[in-house]
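> Keeping the supplied structure of chain A fixed, place chain B with the ligand upon it in accordance with the hints.
Here are the chains, one letter per residue:
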Amino acid sequence: MQLTLWTYEGPPHVGAMRIATAMKGLHYVLHAPQGDTYADLLFTMIERRAARPPVTYTTFQARDLGGDTAELFKTACADAYARFQPQAIIVGASCTAELIQDDPGGLAKALALPIPVIPLELPSYQKKENWGASETFYQIVRTLCTPRKPETEFNPRSCNILGPTALGFRHRDDLAEITRLLERMGITVNVIAPFNATPDDIRRLGDAAFNVVLYPETAETAGRWLERNCKQPMTTVVPIGVTATREFIREVARLAGVDAAPVLDDSTARLPWYSRSVDSTYLTGKRVFIFGDATHAMAAARIAKEELGFDVVGLGSYSREFARPLRALAEELGIEALITDDYLEVEAKVAELQPELVLGTQMERHIAKKLGIPCAVISAPVHVQDFPARYSPQMGFEGANVIFDSWVHPLMMGLEEHLIHMFRNDFEFNDKAAPSHLGHGAAKPHSRAQESGPGGWTPDAERELQKVPFFVRGKARRNTERFAAERGLSLITVETLYDAKAHYSR
Amino acid sequence: MNLPFRPANPAATNGCSDVPVLRERGQREVFCGLTGIVWLHRKIQDAFFLVVGSRTCAHLIQSAAGVMIFAEPRFATAIIDERDLAGLSEIDAELDRVVNRLLERRPDIKMLFLVGSCPSEVIKLDLKRAAARLSQLHSPRVRVLNYSGSGIETTFTQGEDACLAALVPFSPLPASGAVPPLLVAGALSDVVEDQFRRIFADMGIASVAFLPARQANDLPAIGPGTRYLLAQPFLNDTARALEERGAQHIPAPFPLGAEGTTQWFKAAADTIGITDAKFRAATDAGHIRARLALEPHRQMLTGKRIFFFPDSQLEVPLARFVSQELGMDPIEAGTPYLQRQHLAQEIGQLPAGCRLSEGQDVEKQLDRCRAANPDLVVCGLGLANPLEAEGFTTKWSIELVFTPIQGYDQAGDLARLFSRPLDRQIRLGV
Ligand code: SF4
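Residue numbers (my numbering), protein chains in the order written: chain A, 1 to 506; chain B, 1 to 430.
I should point out that these hints are in silico values taken from the structure, not numbers from a laboratory. Be aware that one or more of the hints could be misleading.
Here are the simulated distance ranges between beta carbons [claimed, not checked]:
#	chain 1	residue 1	chain 2	residue 2	range
1	B	123	A	142	28 to 36 angstroms
2	B	423	A	224	49 to 57 angstroms
3	A	71	B	129	32 to 40 angstroms
4	A	68	B	351	37 to 45 angstroms
5	B	341	A	100	28 to 36 angstroms
6	B	198	A	466	45 to 53 angstroms
7	B	403	A	68	47 to 55 angstroms
8	B	240	A	101	27 to 35 angstroms
In this text, a Cβ means the ideal position worked out from N, Cα and C, and glycines have one as well.
So that you can see chain A by itself, here it is in the shape it has in the complex (with noise of 0.2 angstroms):
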């Protein structure tokens, strides 16, 4: 039993349903009581799609159980092939319909529809959300894909693209923006799976050359099957940032045999010059807390590092399947890495660590409200904001981009920090105000109670401590501490303050 206060990932049918929803054509038949319905919100609502998710819930009750829920089952299922005339079906069962047993794969089968239907087995009380989306798309893929004979003859320049779905957090704009990127390289798109595939489509993805897996906590596993059973080699790199899209133009070039010269120095992409602009001299060493889905998370802290030149000091994930690449990345970085679906424990590690900026989820982005810490969002669970009007990828060169200017949008621009540094008794542009371009509504930092509790420290030094620029008072406050307590100083003055500032600035 494990207490939860907010989840990263919903339940693994609901990650069933974000593959059904983007594709096309297909048809979820969901064992499931009325609750379970809620699912649906979560597309037309969040995501803002004009159509419901193509599922039926057969919606069992109490009264159902001692009765026939098989029955209800297969009449849901054939109700829904004549009203929906899919050309697939999916079957599976929700947490509770698993504990009932009720087999929808089988009785499904027994229905004898004309298409096929691909039974599910999505244990509730183990997996998760993405782990769902993952099976279902390999299960789908590994039941109507058929393998590309041998000799018949194929593009060596064709590639399927896989992983997008519904629900995904910019899947939409990434997908324009890496088959824009692929076009451009002279390759040709064969099948974009599942988002907006029909399960026609996946029958033909044996006749490409290679795939593109663009999220591997849906696709991998899929685009394996496809490795193994069609000969189909696969990407590794996932193209978020400008190093990474680049190695990710390298790799598709090899896999294609094209030339990737061309696409490799775009003059839109502005991050490098942006990045070296004196101006972003001020990021320099920011420490950043970053967490989200594996994806997401490990690219963040490349990009965090290598090409905004910040301090990564926190680096995790609640995708457990992608653990072990996270963690071999945190430990590069000289981390420990947080490898956890406890919103606590997050929130925990955020205010252990004081970043002066957290790249997390919309979840973070609560915890960083209430320390008030500046917090850009880079991964899934999504909310209504991620699904922004404009165009904004987070893929290829435009993505980089984007992430450039949403990451240092929170942030106190490098001269205002300064002159706050400088005058920081000016009643109206203090330590207090939040950075100006973001108007009133923004977050105030909170003031804590811990920064005027007791700790040793002479009135003095307490006000010396606030003369601090806010975003690296609780640091100088925890070195002083830890400088004093090393040296077994029972009380902090102002002097301990600059003898902690000078030992640790070494």
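Structure of chain B with the ligand alone, referenced to chain A:
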């Protein structure tokens, strides 16, 4: 089983109280009772709601809570995992551990609800026993209660019903000889509660209690001699629990709009023996204010046809309100459950030709809605945007639950919830 629907007798003049009800059993598109936690945890300020359920349950509340509430919530989920199911862990001990961790974090909590879910019901987890055990463990600091919000037993607002019904047995008995306060059952927003208190006081009824109270332990005394009004139409089990205590129901319509509110107060006044003069002195001004507030909306909405999908059980009183007070034409009032007894006075005031439907078969209902082509559709969040995309104008029903709509001074706000989507339709040029 679907009963064949017979159209209303056009000769009927007494509204549609004798109209047959279309009963449907198919796919429902309604939340489960866990959703009630979203407003109950704000209403009862020192209570905490711990759902014992699955990741789905946690995800539901999180998603229903206005996508996410950015305040420390007073609810959480104890997610059952495979170790619990396989009997590898002692489930009672696990629950104790989770509750301990929770109470450590929240020393301000005085009452804890263990809320049952479909999974906890199906595996027959005895939360009543667990609540009794935990209550002993944490007494006197925290009282632990339980109720079920499971989707196999409750829809949406029935979660509140189950919660209030669970509270009733813990209320004190009135001191012997004392007249217990007039009781108003059903969560209302604080502002509405305060207004109602003032009106009752003006009528000469000073002793009024609300269920639930804002503080968990301020439970009103309930016993024989208690007269109670229902402020919400979905309180079947709560009413039963109150009756078991000896309390007597004051039948009334629900306090929506000028008419509904006046009739609701009047029912109380008559029962308690308040003179007509006193009643009018207390309510006339509010009644007039409400009618004034309704007028601009009435002009916009008169003659417009409206279709209600089942959601909160407020549909029948709302259909009465929009037809009687705004001149709208309700085509269908769908409700997940039709409590005929509590709704008797509402049904009696519905116009002939308004179809009542109970339960749901969502695809068939969508077909009926499309065929009827109403001017406004009131429906859940899963249906609203898809219907908008088909060219319908919609109002999300959940807003009718999350907004203060009861009483005279909210009548205009309630009307605005219906007129706004149409107003928007007129304004938009894209
Ligand atoms: S319907 Fe049942 S399983 Fe689904 S969220 Fe509600 S209580 Fe949980």
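> Each hint should be assessed against the structure and marked as holding or not.
Hint-by-hint comparison with the structure:
no., hint, verdict
1, B:123 <-> A:142: 28 to 36 angstroms, "holds (33 angstroms)"
2, B:423 <-> A:224: 49 to 57 angstroms, "holds (54 angstroms)"
3, A:71 <-> B:129: 32 to 40 angstroms, "holds (34 angstroms)"
4, A:68 <-> B:351: 37 to 45 angstroms, "holds (40 angstroms)"
5, B:341 <-> A:100: 28 to 36 angstroms, "holds (33 angstroms)"
6, B:198 <-> A:466: 45 to 53 angstroms, "holds (47 angstroms)"
7, B:403 <-> A:68: 47 to 55 angstroms, "violated (41 angstroms)"
8, B:240 <-> A:101: 27 to 35 angstroms, "holds (34 angstroms)"
Hint 7 from the list above is the single one not met by this structure.
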